[in-house]
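There are 4 protein chains.
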Amino acid sequence: MRNPNKPKFNEGDELSPWRESLNTIIFGAETWPAKLFDVVLIICILISVLSVMLGSVESLNVKYSVVFLYIEWFFTALFTVEYFLRLISVRRPLMYCRSFFGIVDFLSIIPTYLSFLIPGVKYMLVIRVMRLLRIFRILKLSEYLSESHVLLEALNKSRHKILVFLYTVCTLVVLFGSLMYVVEGSASGFTSIPKGVYWAIVTLTTVGYGDIAPQTPWGQLIAAMIMIMGYGIIAVPTGIYSAELIKVNKPDINNDACPDCGSTGHDFDASFCKFCGHELDEE
Amino acid sequence: MRNPNKPKFNEGDELSPWRESLNTIIFGAETWPAKLFDVVLIICILISVLSVMLGSVESLNVKYSVVFLYIEWFFTALFTVEYFLRLISVRRPLMYCRSFFGIVDFLSIIPTYLSFLIPGVKYMLVIRVMRLLRIFRILKLSEYLSESHVLLEALNKSRHKILVFLYTVCTLVVLFGSLMYVVEGSASGFTSIPKGVYWAIVTLTTVGYGDIAPQTPWGQLIAAMIMIMGYGIIAVPTGIYSAELIKVNKPDINNDACPDCGSTGHDFDASFCKFCGHELDEE
Amino acid sequence: MRNPNKPKFNEGDELSPWRESLNTIIFGAETWPAKLFDVVLIICILISVLSVMLGSVESLNVKYSVVFLYIEWFFTALFTVEYFLRLISVRRPLMYCRSFFGIVDFLSIIPTYLSFLIPGVKYMLVIRVMRLLRIFRILKLSEYLSESHVLLEALNKSRHKILVFLYTVCTLVVLFGSLMYVVEGSASGFTSIPKGVYWAIVTLTTVGYGDIAPQTPWGQLIAAMIMIMGYGIIAVPTGIYSAELIKVNKPDINNDACPDCGSTGHDFDASFCKFCGHELDEE
Amino acid sequence: MRNPNKPKFNEGDELSPWRESLNTIIFGAETWPAKLFDVVLIICILISVLSVMLGSVESLNVKYSVVFLYIEWFFTALFTVEYFLRLISVRRPLMYCRSFFGIVDFLSIIPTYLSFLIPGVKYMLVIRVMRLLRIFRILKLSEYLSESHVLLEALNKSRHKILVFLYTVCTLVVLFGSLMYVVEGSASGFTSIPKGVYWAIVTLTTVGYGDIAPQTPWGQLIAAMIMIMGYGIIAVPTGIYSAELIKVNKPDINNDACPDCGSTGHDFDASFCKFCGHELDEE
Numbered sequence: 001m002r003n004p005n006k007p008k009f010n011e012g013d014e015l016s017p018w019r020e021s022l023n024t025i026i027f028g029a030e031t032w033p034a035k036l037f038d039v040v041l042i043i044c045i046l047i048s049v050l051s052v053m054l055g056s057v058e059s060l061n062v063k064y065s066v067v068f069l070y071i072e073w074f075f076t077a078l079f080t081v082e083y084f085l086r087l088i089s090v091r092r093p094l095m096y097c098r099s100f101f102g103i104v105d106f107l108s109i110i111p112t113y114l115s116f117l118i119p120g121v122k123y124m125l126v127i128r129v130m131r132l133l134r135i136f137r138i139l140k141l142s143e144y145l146s147e148s149h150v151l152l153e154a155l156n157k158s159r160h161k162i163l164v165f166l167y168t169v170c171t172l173v174v175l176f177g178s179l180m181y182v183v184e185g186s187a188s189g190f191t192s193i194p195k196g197v198y199w200a201i202v203t204l205t206t207v208g209y210g211d212i213a214p215q216t217p218w219g220q221l222i223a224a225m226i227m228i229m230g231y232g233i234i235a236v237p238t239g240i241y242s243a244e245l246i247k248v249n250k251p252d253i254n255n256d257a258c259p260d261c262g263s264t265g266h267d268f269d270a271s272f273c274k275f276c277g278h279e280l281d282e283e
Numbered sequence: 001m002r003n004p005n006k007p008k009f010n011e012g013d014e015l016s017p018w019r020e021s022l023n024t025i026i027f028g029a030e031t032w033p034a035k036l037f038d039v040v041l042i043i044c045i046l047i048s049v050l051s052v053m054l055g056s057v058e059s060l061n062v063k064y065s066v067v068f069l070y071i072e073w074f075f076t077a078l079f080t081v082e083y084f085l086r087l088i089s090v091r092r093p094l095m096y097c098r099s100f101f102g103i104v105d106f107l108s109i110i111p112t113y114l115s116f117l118i119p120g121v122k123y124m125l126v127i128r129v130m131r132l133l134r135i136f137r138i139l140k141l142s143e144y145l146s147e148s149h150v151l152l153e154a155l156n157k158s159r160h161k162i163l164v165f166l167y168t169v170c171t172l173v174v175l176f177g178s179l180m181y182v183v184e185g186s187a188s189g190f191t192s193i194p195k196g197v198y199w200a201i202v203t204l205t206t207v208g209y210g211d212i213a214p215q216t217p218w219g220q221l222i223a224a225m226i227m228i229m230g231y232g233i234i235a236v237p238t239g240i241y242s243a244e245l246i247k248v249n250k251p252d253i254n255n256d257a258c259p260d261c262g263s264t265g266h267d268f269d270a271s272f273c274k275f276c277g278h279e280l281d282e283e
Numbered sequence: 001m002r003n004p005n006k007p008k009f010n011e012g013d014e015l016s017p018w019r020e021s022l023n024t025i026i027f028g029a030e031t032w033p034a035k036l037f038d039v040v041l042i043i044c045i046l047i048s049v050l051s052v053m054l055g056s057v058e059s060l061n062v063k064y065s066v067v068f069l070y071i072e073w074f075f076t077a078l079f080t081v082e083y084f085l086r087l088i089s090v091r092r093p094l095m096y097c098r099s100f101f102g103i104v105d106f107l108s109i110i111p112t113y114l115s116f117l118i119p120g121v122k123y124m125l126v127i128r129v130m131r132l133l134r135i136f137r138i139l140k141l142s143e144y145l146s147e148s149h150v151l152l153e154a155l156n157k158s159r160h161k162i163l164v165f166l167y168t169v170c171t172l173v174v175l176f177g178s179l180m181y182v183v184e185g186s187a188s189g190f191t192s193i194p195k196g197v198y199w200a201i202v203t204l205t206t207v208g209y210g211d212i213a214p215q216t217p218w219g220q221l222i223a224a225m226i227m228i229m230g231y232g233i234i235a236v237p238t239g240i241y242s243a244e245l246i247k248v249n250k251p252d253i254n255n256d257a258c259p260d261c262g263s264t265g266h267d268f269d270a271s272f273c274k275f276c277g278h279e280l281d282e283e
Numbered sequence: 001m002r003n004p005n006k007p008k009f010n011e012g013d014e015l016s017p018w019r020e021s022l023n024t025i026i027f028g029a030e031t032w033p034a035k036l037f038d039v040v041l042i043i044c045i046l047i048s049v050l051s052v053m054l055g056s057v058e059s060l061n062v063k064y065s066v067v068f069l070y071i072e073w074f075f076t077a078l079f080t081v082e083y084f085l086r087l088i089s090v091r092r093p094l095m096y097c098r099s100f101f102g103i104v105d106f107l108s109i110i111p112t113y114l115s116f117l118i119p120g121v122k123y124m125l126v127i128r129v130m131r132l133l134r135i136f137r138i139l140k141l142s143e144y145l146s147e148s149h150v151l152l153e154a155l156n157k158s159r160h161k162i163l164v165f166l167y168t169v170c171t172l173v174v175l176f177g178s179l180m181y182v183v184e185g186s187a188s189g190f191t192s193i194p195k196g197v198y199w200a201i202v203t204l205t206t207v208g209y210g211d212i213a214p215q216t217p218w219g220q221l222i223a224a225m226i227m228i229m230g231y232g233i234i235a236v237p238t239g240i241y242s243a244e245l246i247k248v249n250k251p252d253i254n255n256d257a258c259p260d261c262g263s264t265g266h267d268f269d270a271s272f273c274k275f276c277g278h279e280l281d282e283e
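Each protein sequence line maps, in turn, to chains A, B, C and D.
Its first residue numbered 1, the first sequence is counted upward by one per residue in this note's numbering.
Its first residue numbered 1, the second sequence is counted upward by one per residue in this note's numbering.
Its first residue numbered 1, the third sequence is counted upward by one per residue in this note's numbering.
Its first residue numbered 1, the fourth sequence is counted upward by one per residue in this note's numbering.
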């Protein structure tokens, strides 16, 4: 009964037959019941998220408030059942609970129950949108996973540079925000330093709402400097990430192993193993 | 009579002489009548699109409504005739109808006729602007085609990464939009979750209209986070596309090995191996 | 008398001694009088441009209108004299007149004279700011020239791709602008298709003034799509230019010539000339 | 007594034992008292900056003005003592005073004392945020330093290109700003050329406040051109910085040649020549 293809689970985790097949349906992605389950799940998630979003629209809520309530409770019940099925069918329930998806699945049902205590919390049901991440399972899983792996690896490798960059941005924003508070004053909407810092972020990131805007010539001069700075600084994260992605992305790594020492990572133009000097096989 | 240089059409598609020469004029780009036809066509398209655009300006439409009507019908008649000439002169009319250009050509004439039934639809005539794509035929065709091919190939190769990126953006936007709806409430313009999501998109993409803007300190704090996130996230598509374009763009690697020492990585203009000096094979 | 170091001028262009030394001062950049001339010129340009700019400020113009008039005429007279000195001292006056700098120098003095006929034209004196390009002569000339050469070469090489990109942007903007005109109507500020196209450009480029903003849910949905598109599309010119700059920028070109055939452009790892197969000198 | 591990200080700079240990605590980062000192310092900086920022909020200042005053004086006193301790414990006080951190440390205490003379100056205390740069000492110092070194080196190497770019941006902005002043006039908010230039910067950098926006068709046409230009021009600094970062970033090229065949381009981890299989020299 035990599936020999899943060696990562040790003997004690053996599931009874029906839990095993439930596991295949819920957590698997290859058999057709598993695929059907995923498609139905994704449709349910989409409908429930859409219903929460539309339920917040005043005009719709007045007319169809009962409908939205029914939909909300229907999907919450459904996802609660699903959550318990996952708990039952998984080999290590505790590990699932603490995994990223376990937490998301839990947070996707809890706001409805909490909404008895705290009214606004039910809108947090939109967190269900994160469950859609499972959509990549129905698409060709491995391809997308490796792609997002590349994106994350590049992000991970450039995290130090990004932190240095973020610190620089924060410092600039605090300094310029305070300067603008002193220069412009409350008349132009710079009523406090935090407001000035908020304005500096709005400006440096080139968002530019225009709810607060400098009115005095000196303020506009400083603003112009921040804008050009922000326009140029955007080159920094882009440059960091591009450079890292190009390195990670590199296609010219030869996957053939050395026939002598088994080492890999040889260049395509290598005729001899760079570690042991043995001749590499000609393709 | 049959042109032996067009082997892609099979025997049954043989055209009569005048249809053959019509084909050369309408679909070709090398002979001078073909070039003249293209130039006249492009001028007609530009005038007709401009006329549709200006016809929507209230002040102009009041004065010259008859002129605009005449121009509209004149060009629609002209393009209708052209469409039928294309149908007649092409070897496989059905294939043309279903091709990208066939659909665009059809959509470029149909709104005028439909405007009897649905009033606003006539403005859809601006789709004629897509017919201008033919402009690249008069310019040095092959060069532009290969350039846009490179751009599209890079886009195609990075489509998985871009989908992962788009999913991430959508998720962030839904989560932050809902959060802002709860935090800010209707007073600041966040009247519903869809409105909050719209605001989050406006902010994350650094567009920043300012029609909806956070008023409370907590809302501004979240907004500041979204802005810095959006400012940084723009590095991701740029990095993806740059990295892919650099890979696609790289034409200067010769895969031929030196016949003497087997080394590769020679430039395309190399006649001798750069490592051992042996003559490389002529291609 | 004739300077043998300037072989690009043919015999007939020989200048008299004083014109020769004037040439050295005005067009040269090595001798100290030439450097002094450049510095004085740049200061004059800066003052005159600043004066034109400040002269347009209502409050200042009311008070100091006479001062601004004197300054304007003083610098115009000065630059007119300078222009004639350039004409006299240059070997080929006609070629100078038609050169980029010759045209800029001419346009820098003509608005003052034209302002008798057309009032607003005097503000075009700010074109003098382009004369500041000469600033790079005082700084280490060659370095900056080669840097801007790299930037321009990359721009030139990617011009086909950029044209394809611009055409795509124009098409998108016309299509979406018309769509929004139909969807939103005059109530939200979309009073005509050109206005809609203007709004689409403001949105796609992530500028986002907010003077026109969609009000209906469908309009906001389309707007959201344009924004995300614009946020992603920015990757295209950046990718194009980065890729081209990396190619142009490439530092790994060996400047050593082959001792046998004199060819250059060998890789750093080349031991043999790739054109004639001769051994390259070891460094 | 003299620490032999710090050979950069000459004999005359020998410190007395307690100053030596003070030096280790204040300027060092390896021992646990040094680490504790850094952590406490960073917390103090954060609290003091936060207090200055919140102290500028009207509603809070009215209620807690005395508290903010106490906090301000407490931290100023603390940082003053710290400044003198640094002066005492450092080997070359004058060099410290003129160093980047010495100036920042001084500017971090002086505004409180100056606020007796000039009221607004006390908000300049936020410059203390720059002292947080020391935060990178507690984190793995060397890693972050080398990362920021890479970022700065790339910035330094591309400074000529960036200057050329900035000059181009300034020229464009002055020309377009003046043009808009002439085209739009005061009615749309373009009251002077400096205002027009400010608007051009706001537009070109894609910030787009919307406080000043073109109203006439011609003005909107010019604005559309500036926007598309700004949208494209952002590719230039990004391209420059990416290209430079990729060059600086590239650590994996070994310049050592194979002792047997003279080939280069080996990886750093290579022990044998990839072309001839000969053993490479150990470094």
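FYI, nobody ran anything at the bench for these hints, they're computed from the structure.
Note that the structure is a prediction, hence the values are computed from the model and not measured.
Check the hints yourself; a few may be wrong.
Note: identical chains are not told apart, hence a pair may lie in one copy or across any two.
Think about it this way: if two alpha-carbon atoms lie no more than 30 Å apart in a straight line, the pair counts; the simulated DSSO-like pairs of lysine-lysine are [as the list claims (entries may be wrong)]:
1. Lys-35 x Lys-157
2. Lys-247 x Lys-157
3. Lys-122 x Lys-157
4. Lys-122 x Lys-247
5. Lys-63 x Lys-35
6. Lys-63 x Lys-247
Comparing the hints with the structure gives:
Proximity of Lys-35 and Lys-157 under a CA criterion of 30 Å is satisfied inter-copy only: 26 Å between copies versus 35 Å inside one chain copy. Taking the shortest Cα distances, Lys-247 and Lys-157 sit within 30 Å of each other both inside one copy (10 Å) and across copies (17 Å). Taking identical chains as interchangeable, the C-alpha atoms of Lys-122 and Lys-157 are never at most 30 Å apart, the minima being 38 Å within one chain and 40 Å between chains. Taking the closest pair of Cα atoms, Lys-122 and Lys-247 never come within 30 Å of each other, the shortest separation being 44 Å inside a single copy and 47 Å across copies.
In this assembly of identical chains, the alpha carbons of Lys-63 and Lys-35 never lie at most 30 Å apart, being 37 Å within a copy and 62 Å across copies at closest. In this homomeric assembly, Lys-63 and Lys-247 never come within 30 Å of each other (Cα to Cα): the closest approach is 56 Å inside a single copy and 55 Å across copies.
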